[in-house]
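**Student:** Given chain E's structure and the hints, the job is docking chain B onto it.
One line per chain: the protein sequences are E and B, in this order.
Residues 1 to 531 in my numbering are what the first sequence lists, from first letter to last.
Residues 1 to 917 in my numbering are what the second sequence lists, from first letter to last.
For the record, the hints were derived by calculation from the structure and aren't laboratory data.
All residues carry an ideal CB built from backbone N, CA and C; glycine is no exception.
Worth double-checking, as some hints may not be accurate.
Claimed, not checked - Computed footprint of chain B on chain E, listed as stretches where at least three residues anywhere in the stretch have a Cβ under 8 Å from a Cβ of chain B:
id: 1; segment: 99-110
id: 2; segment: 496-503
Unchecked claim - As a list, the in silico PhoX-like pairs of lysine-lysine whose alpha-carbon atoms are at most 25 Å apart:
id: 3; chain 1: E; residue 1: Lys485; chain 2: B; residue 2: Lys422
id: 4; chain 1: E; residue 1: Lys395; chain 2: E; residue 2: Lys467
id: 5; chain 1: E; residue 1: Lys462; chain 2: E; residue 2: Lys490
id: 6; chain 1: E; residue 1: Lys441; chain 2: B; residue 2: Lys422
id: 7; chain 1: E; residue 1: Lys117; chain 2: B; residue 2: Lys696
id: 8; chain 1: E; residue 1: Lys485; chain 2: B; residue 2: Lys387
id: 9; chain 1: E; residue 1: Lys439; chain 2: B; residue 2: Lys40
id: 10; chain 1: B; residue 1: Lys40; chain 2: B; residue 2: Lys348
id: 11; chain 1: E; residue 1: Lys41; chain 2: B; residue 2: Lys903
id: 12; chain 1: E; residue 1: Lys217; chain 2: E; residue 2: Lys276
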Amino acid sequence: MMTCAALLIVIGMAVSSAAAVEVQRPRGVPLSKRQFYEENKPFTCLDGSRTIPFDRVNDDYCDCRDGSDEPGTAACPNGSFHCTNAGFRPTFIPSSRINDGICDCCDTTDEYNSGAKCENTCKELGQKEHEVLQKMAEITKEGFLLKQQLIQEAKNRQQEKQSKLTELQNNKKELEEKVEALRTVKETAEQPEKEAKELHLKAWEEQKAIIRAEKDKAKMAEAFLELDDDADGFVAVAELQTHAELDTDADGTVSETEAQGLLGGVDHVDTASFEKVWDNIKDKYVSESQPVEPAPVDTPPEESNKLADNDSEQYPSDDDVQEEEEEDEEEDDYPEEDFDKAPPTVKTPPKKDEDEEAMPPYDDETRVLIDAAQKARDNFEESERALRDVDDQMKNIEKEISFDFGPDSEFSYLYSQCYELTTSEYIYKLCPFNRVSQKPKYGGSETNLGTWGTWAGPEDNKYLLMKYEHGTGCWQGPNRSTTVKLTCGKETTVMSTSEPSRCEYLMEFTTPAVCQEPEAVISSLHGHDEF
Amino acid sequence: MGLLLGLCISLLLGGSWAVDRGNFKTCDQSAFCKRQRALKPGQSPYRALLDTLELSDSRLTLQLINDNNKVHLLLELYRLQGNITRVKINELKPLKPRYEVPDVLVGDQPTEPLSVLSQDDNGVVLSLGAESQRLIVSARPFRLDIMEGPEVLLSLNSRVSAPVSPVFTLFCHLFSLFPLMHQSCHLYLCQQAEDGGKDKEEDGLWEETFKTHTDSKPNGPTSISLDFSLPGVEHVYGIPEHADNLKLKTTDGGEPYRLYNLDVFQYELYNPMALYGAVPVMLAHNAQRTMGIFWLNAAETWVDISSNTTVFGKMLDFVQGSSETPQTDVRWISESGIIDVFIMLGPKPSDVFSQYASLTGTQSFPPLAGLGYHQCRWNYNDQDDVKAVDQGFDQHDIPYDFIWLDIEHTDGKRYFTWDPEKFPQPKEMLHGIKDKRRKMVAIVDPHIKVDSGYKIHSEIRARDLYVKNKDGGDYEGWCWPGNSGYPDFTNPEMRAWWASMFAYDKYEGSMENLYTWNDMNEPSVFNGPEVTMYKDAMHGKWEHRDVHNLYGLYVHMATTDGLIQRSGGTERPFVLTRAFFAGSQRYGAVWTGDNAAEWDHLKISIPMCLSLGLVGISLCGADVGGFFKSPSAELLVRWYQTGAYQPFFRAHAHLDTPRREPWLFGPENTALIRDAIRQRYTLLPYWYQQFYQAHKTGQPVMRPLWVEYPKDTATFTIDDEFLIGQDLLVHPVTEEGARGVTAYLPGQGEVWYDVHTFQKHNGAQNLYIPVTMSSIPVFQRGGSIVPRKVRVRRSSDCMENDPYTLYVALSPQRVAVGELYIDDGHTFNFQTKKEFIHRSLTFANNALASRNLFPESNFSTDSWIEKVLILGPSSRQSECWVFLTTSVEFEFEASMSVLTLRKPGMNAGADWTVVLQ
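Pulled out of the complex, with its shape left as it was, chain E reads as follows (with noise of 0.2 Å):
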C-alpha cells in the first residue's frame, strides 16, 4: 500500500516541475482547473447553480454551494485549496485551513495573510520521500526476490507433503491390513486362553465351596455345644432363649413359642436335627465366646488429625501453605471449604475371611496360552498405534494443506514457526496460522491474544491483515483479538504491537511474501496518474 502511494509521488512531481512556468490563475485553483476560471469573464460555479460576475471569485464571501468561487480563500465551509507545492506533491486542503496560522502545504502558499512563519520545505519533503522511496523500493526489490524463493521453497514443501501424504495413505493401506491379521492372530490366541482360566477358576469356586461347607459345619457343632447349655445333646427351647439375636418379631426378646418356632415346633432337637435348625439362625447367632463384633464405624476425626499433626511437625513449612491456601479457599469458594474441612471419612477395609486363600496360581499349560494370547495382543496394540500415527500425521499435513497461505503459497513458510518481539513490559508471541501471546517480562502466566482466525485485509489484497481472535476474555470486555499488519520486508519480523483499543491489539509484521513486483506496481498506477 505504501509503495502504491509513494510511487504516485513520483510521477505527481514530473508533472508540476514540467509546468515550472506559473500559468495564471486564481489562488487555490488547479492547473486542471484553470478553464474554468477565466478572467473578466462571469464565472458559472462548478456545480453550474449559478454564475457570479469574475470579481467574486476569491473576494472571501462565499457565493457557490459547492464552495467553488472560493478557491484561494476560507469563505466556503466545503471548498478546498490547491497547494502546487514545487519540489513535492501537489495537494488539496480544506479551505479552512487557508490562513488559520498552521503551514499545511509545503510551498507556504495556504498562510498568504494569516502572520504564520511558514518556510517552504518543499524541497527537503521532496528529498526526503524520494529516499524513502528509493529505500523502500530496494527492499520491495530484494523482498520480492526473496519472495520468489519462498514461493519456490513453499512449492517443494507442497510437493514434498503432497508425496509424504501419498506415501502415508500407502502406509496407512498396510497398516490397516497388518492390524486386521493381528487381530485375528490376537483373537485366535485369546480363545484358549479364556478356557483355560475358565477351568481353572471353576476348579477353584467348587474347592472353596467344600471348604466353606465344612466350616459351616465345625461353626454348627461349636453352636450346638454352646447352646446346649445343660450339655443334654438336645438343644432346647429355654436354651435358644437366651439368644435375643434370634428374635424374630423384633421385640427384643425371644418368646418360647418364638424358640418354638425356630427349632420346627419341637422342644428340643438333637444334633442331627440341629442341621435344619442352624440354617435359619446361622445368619443371626453371635457366638457366646465371642465379643459382639462392632459395626464398622469411622475412624474418629481427632485421631486422623493427630496422625496430620504429627506429620506436620516434620514438615511444618508444608502445613502453613496448606492453611494459607484452605483460608484462599474460604473466601472464593464456601461449599468446597466446607467439604474440606468434612472429617475424612476411613473406612474399615473389608473383613477378610482368613481362611479364604488367594486363588492358586494357574498351571504351566494355562500360563503360556496366557502369554502367548498377551503377545498377540500387544502385537496388535502396537500395530494400532502404529495406524493412529499415520492417521496424525496425514490430518496434520492435511490440516496445514487446507490453510490459505497466499496465492502462490508464499506465506507457508511461517507455518509453524513463532516470532517474538521483547517490550519494556511484555513478550510478545506470534505463530502465524496459530496464536497470538503475550507473557509478562518479569513473570507471569502467558495470556493467549488471539488464535488464527481469517486473513482480513482490503477486498483487493486480503493477505495484508491476519486476524487473530477468541483469546482470553477481558473483564467487561470482548476476548482479547489481534490484527496483525503485513509489510514488505526483507525480514521476517514483528515490528511492533500496540493496543490500541482494550484488549484489541495490532502488531506490525513485515515479511517478503508480502513483496509486490517492483515493475507491476509502476505498471498498474500507469492508469491511476493519467488525468
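**Tutor:** Frame of chain E, contents of chain B only:
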C-alpha cells in the same frame, strides 16, 4: 473515571450493571438522619426569649431556649442587600465551637437596615425594606414567617395554613439542633428521655457502624435540622447533584435527597442518592414568584420534601379558590455545623440568580477554547496515540480544542509526573498540539501515593499537611496508586503549596497549553466508608464530618489558583472537577461523573446540567457517549448532537470499552458527528457571550424554560428541552429510533425560527418535529440576534479573526436585539485592562445597528460582518438596502422569508447601522 476495585468484584459476582446500593447509606442507616426525620412537625420545644432581642442597624439577635433541656441558642438575623435574609442559629455557649463554613461566600455581604414594626408578647414584626415584606418572629414555639403584602400583620399568630394566600409567604418553624454534649452525655440522654418519652438509649449517638466501618463520633450527636414551608409552591428545583428529574419529587415514603459527595460506581438514575457533588441550594417557583433557600452547611445533609397536593386535582382546587393552598414543606437535616440559611426572595428567577451570585460568586469565564469540543478517553495510551488521534481529527475534518489524558499518563499514578515509557517527551507532544493551536488536559487527582521517593508525597509529609486520622497519624486510604495520603486542602498553606506545584518549572513537562482535571476529589477512598474518608479524620481541629462536602471545592480552588499563578495571573485557567459545592462555579467546569452508554443516561444529562445551572454552575457537561459500556452508533450520534448544545462538550470512555473516536463508526456516522461538532463551533460566539454574561451576572447559560417563561405553568416540569441563554431553544433527540420529537415552544404571541430551515413557528404550542438521524431540533427566538462564525476550522483558536454572520430573527413586531462580545479569548485583560468589545445589536424600524455597550472598553478585532440573515421580514420591506452610503447587495428567499445581506463588511468592533429603505 472512578472505577472502584472493591466494587468491581461484587459486580462480577452480581453480574449486574447497577449501582451496589448496599455500599451507600440510607437515611435509616445514618443515625442522625433517622433521628431528625422522626421528629414530627408541631413538636418544637424551642421558644424565643423576646426580652433578649437586640437590634443594631442591620443585625438582630435573639436567644432561643429548648424547653426540654434548657439549652440556649442564639439566633442572628440579617437583611442582606439584594433581597436576601440570612438566618443563623448556633448554640449560645457551646462546649466546643461548631464549624461555620468558610471560603464559600464571596467578600462581605453588604447589609440593609432592619426595623421593628411592632412587638408584643407573642412576637416581633420586622420590616424587610421596600416591597412591604415583613419578617415575623413568633415566640412560642419559635417560628419565623416572611410575608409580603398588606395583610401580613394578620398572620402573626397564624398557623401553617395561612388564610392570606396567594401572597408569597415562607415559614421557618420546627427546627432541631442537637447541642454538642462534649462531656455531658448524661444530660443529653435525659433530654432525649423527656423529649420523646422513651427510655431506651438511642443508637448511633456516640458511635455508629456502617458495614465494617465504625465512626467514633467523639463529639456525640451534633446534628441540626430546620423546616421550611412554602405556601403556594408546588415546584421546587435544585439541590444537585442527583441523577433525577429537574423538578424535585416529594420524598414521603421514600428516601430524602442526600447531599454527601461520593464516588458512586455505576450510579442509578431517577433516585435521590448522593452523587459526586453537593450544592445545598433549592429554588421554589410558582407563577408569581421564584425564591431560593441556600443552606450553608458542608456536612452530610439530607433534604425531605413533602407536599399537600396530590398528583391530581389539588392545583385545580387552588385555582378555583379552594380553601387549601398548595404547599411544599422542606426539611433540611445536617450532621454537624450551624444553621446558616440565606433566603433569597427573588421575585423573578433572574433575581434569585443574582442574589445567589452575590453570595457565592459567578461562573468563572472560561477560555474560549474551553467551550470547544474536548476529546477524552481513559486512556490515550502514549504520545504516538495522541498524535494519531490528533491527525485523525484533521483527516476527517472535525474540529477539536482539547485532547485529554487520564490517569495512565502518569508514572505509576503519581500526579505531576509522566510515564517514562509512554510519555517520555511531554513537551514535544504538547508542542505538536500547540502547532495545531490546540490544547491538552492532564489529570491531577488529590490522592497522593505514599512513596518516599515521590517528591509530592515527601514534601507534603515534611510539611505535615496531610489529613490526619483520629489518632493523629497521617490518614491513609486506598486509591488508584494504592496506599495514598490525602492532602488537607482545607488548610490555606496546603492550597498555596499545591498551587505552586503547577509552576512550569515545578510541574515537569507542562507548558501553557496544558490544563488540569481534578477527579476523585469527593474524596474517593476505595476502602473507606461509602468509598470516602472516615468522618472522624481530622482537618486541623475540624473533623472530616464538618468539611466533607467542601473538600472537592478546595481541591478545585487550589488547582485553579495554580493555573492562574503559573502565568503570573494573566491567563484564564481551565480546570474540570468531579466533586463540587456551592461556589465551585468560581473555579471552572463540572461534569456529571461516570455515566453509562445508555439512552436514559443521555436523557438525564439534561436535567442534571439544568439543575447545576440553577445553582450557579453553568459550565456543566456529561461524558458524551457514556463512560461505562459501549454506545451503539445511533446513541453516540445522538449524544454528540445533544452534547454539542450543552455547555461543557467532552467525549469520554472507560478503559475497557472499544475505541470510539468520531470516525470509527463508518462514513455516515462520521459525517453526522462532524456536523454536530461543527454546529457547536459555528455557535461559539454565542456560547462565549453567554458565559461572559454568566460571569458578569450569575445567570445560568443552560436554562429550564420556566426561567424565561415563569408564568407559563406548562414549562414547569419540562426537562427534555432547554434554552441556551434566552434565544436558543434546543430539543435534542434522546429516544432510540425516534421518528420525531414534540417540542414545546413557549411564549404567547412569540415566534420561533428553526435554525436549520428558517421555518417560523408560533409560541405557546407543542410542535411535532419529524426527525432523521441528522436532526438536532434547535429554534431561535423571534426578537433575538445571534452571532455566529460559520467558517469552522480546526480549533476555536484558528477561528479567532474570522468574520461573523448575524442571525437576526424578527419578532412579530419586527424588532430584534442581541449582543456581541469579543476579547482575546484567554487572558484576564478583559477584566484588568478592559480589553474587550461588547456591543448591543438592535434591529428596529428597518435598521440594524451596532452600539458600544461599554465605551470605556478598548479592544480591536480583525473580525468583520460577512453576512446578515434576517429571518421573517415581509417581502414588501426588502426593496433596497443601504449601508450608510454604500449599498449592500441582498438576496431574498421568499419561501422561508429570509433576507440575506451579502458581505456588508463592517468591522465587528465598530459602530454601524444598516438601513432598509
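**Student:** Confirm or reject each hint.
**Tutor:** Each hint, compared with the structure:
1. Coverage of the segment 99-110 of chain E by chain B holds. Counting CB-CB distances below 8 Å, 3 residues qualify, and the rule asks for three or more.
2. Against chain B, the segment 496-503 of chain E contributes 6 residues with a C-beta closer than 8 Å to a partner C-beta. That satisfies the three-residue criterion, and the hint holds.
3. For the given pair, Lys485(E) sits about 22 Å from Lys422(B) by alpha-carbon distance, which is consistent with the 25 Å threshold.
4. Restraint check: the Cα-Cα separation between Lys395(E) and Lys467(E) comes to about 24 Å, which is no more than 25 Å; the hinted pair holds.
5. For the given pair, Lys462(E) sits about 20 Å from Lys490(E) by alpha-carbon distance, which is consistent with the 25 Å threshold.
6. Note on Lys441(E) and Lys422(B): the hinted pairing holds, with a Cα-Cα distance of about 17 Å set against a maximum of 25 Å.
7. About 37 Å separates the Cα atoms of Lys117(E) and Lys696(B), which puts this hinted pair outside 25 Å; it is violated.
8. Taking the CA atoms of Lys485(E) and Lys387(B), the gap is about 20 Å. The hint holds against a cut of 25 Å.
9. Between Lys439(E) and Lys40(B) the CA atoms are separated by roughly 65 Å; this puts the pair beyond 25 Å, and the hint is violated.
10. For the given pair, Lys40(B) sits about 33 Å from Lys348(B) by alpha-carbon distance, which is inconsistent with the 25 Å threshold.
11. The suggested pairing of Lys41(E) with Lys903(B) holds, with an alpha-carbon distance near 22 Å, which does not exceed 25 Å.
12. For the hint linking Lys217(E) to Lys276(E), the alpha-carbon distance of about 12 Å falls within 25 Å, and the restraint holds.
Consistency note: the structure conflicts with the earlier hints numbered 7, 9 and 10.
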